[in-house]
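> Sequence:
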Amino acid sequence: MPIQLTTPKGVITVRPAQEDDATSLRKIRLEALADSPEMFAADHDRTAAESVERWAERIADGLRSQNSVICIAEAAERLIGMTGLGRGHWPITQHSAVIWGVYVTIQYSGLHIAEALIEECIAWGRAHGVSIVKLGVITNNAPAIRCYLRCGFSVYGVDPWSNFYNGIYFDELLMVKRI
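For the sequence shown, numbering that gives the first Met the number 0 gives the first residue as 0, with consecutive numbering after it.
Please note that a few of the clues may not be correct.
What the hints assert, rightly or not - In the DMTMM-like style, the derived pairs of lysine to aspartate or glutamate whose C-alpha atoms are separated by at most 25 Å in a straight line are:
{"id": "1", "residue 1": "K8", "residue 2": "E76"}
{"id": "2", "residue 1": "K8", "residue 2": "D20"}
{"id": "3", "residue 1": "K26", "residue 2": "D44"}
{"id": "4", "residue 1": "K26", "residue 2": "E76"}
{"id": "5", "residue 1": "K8", "residue 2": "E118"}
{"id": "6", "residue 1": "K8", "residue 2": "D34"}
{"id": "7", "residue 1": "K26", "residue 2": "E73"}
{"id": "8", "residue 1": "K133", "residue 2": "D42"}
{"id": "9", "residue 1": "K176", "residue 2": "D158"}
{"id": "10", "residue 1": "K8", "residue 2": "E30"}
{"id": "11", "residue 1": "K26", "residue 2": "E118"}
{"id": "12", "residue 1": "K133", "residue 2": "E30"}
As the list claims (entries may be wrong) - Estimated spans, in silico, between C-beta atoms of each pair:
{"id": "13", "residue 1": "E56", "residue 2": "K133", "range": "23 to 31 Å"}
{"id": "14", "residue 1": "R125", "residue 2": "N165", "range": "32 to 40 Å"}
{"id": "15", "residue 1": "N165", "residue 2": "S130", "range": "32 to 40 Å"}
Hints were generated in silico from the structure; no laboratory data involved.
Idealized CB from N, CA, C, for every residue including glycine.
Given only the sequences and the hints, what does the whole structure look like? Please build it.
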């Protein structure tokens, strides 16, 4: 069920993406990767090479298989945020899921939209039998870490030198939440 947030910048709708969101979703993902390349494991150029049709397939496959969901945030019919959740592939791991790609445009940061995106993904996971959700966050991303702590995640480890960008290694905090 979509979440409606009332903010100083208007009403924000958070909901699972549908196939017809593929063009906007691809665009905001590329924005995220260009804006903060060291924060994401995905590569901008490889992602840019993926077609809109591939994004539509990814959305449809997740909805059909019930193994993943991508949630989006909209303001005035414009995409302003996204995140995804993917369940374990095998029956023995389907109780576990990973949050990925959390991003909100700079114009809408600080309005707790990322929290709503995460909660929408967690609600989807809970409805599909997920009992534990994990994520990774670069250790110097203090706003994201605060957001995940507010959402009930706790740190269970560190992945040293997880990302390498522009000659610099970045460690990643590993976080978990039981749902």
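> With reference to the structure, classify each hint as holding or not holding.
Evaluated hints:
no., hint, in the structure
1, K8 x E76, "13 Å, holds"
2, K8 x D20, "22 Å, holds"
3, K26 x D44, "13 Å, holds"
4, K26 x E76, "14 Å, holds"
5, K8 x E118, "20 Å, holds"
6, K8 x D34, "22 Å, holds"
7, K26 x E73, "13 Å, holds"
8, K133 x D42, "21 Å, holds"
9, K176 x D158, "17 Å, holds"
10, K8 x E30, "20 Å, holds"
11, K26 x E118, "23 Å, holds"
12, K133 x E30, "24 Å, holds"
13, E56 x K133: 23 to 31 Å, "25 Å, holds"
14, R125 x N165: 32 to 40 Å, "38 Å, holds"
15, N165 x S130: 32 to 40 Å, "38 Å, holds"
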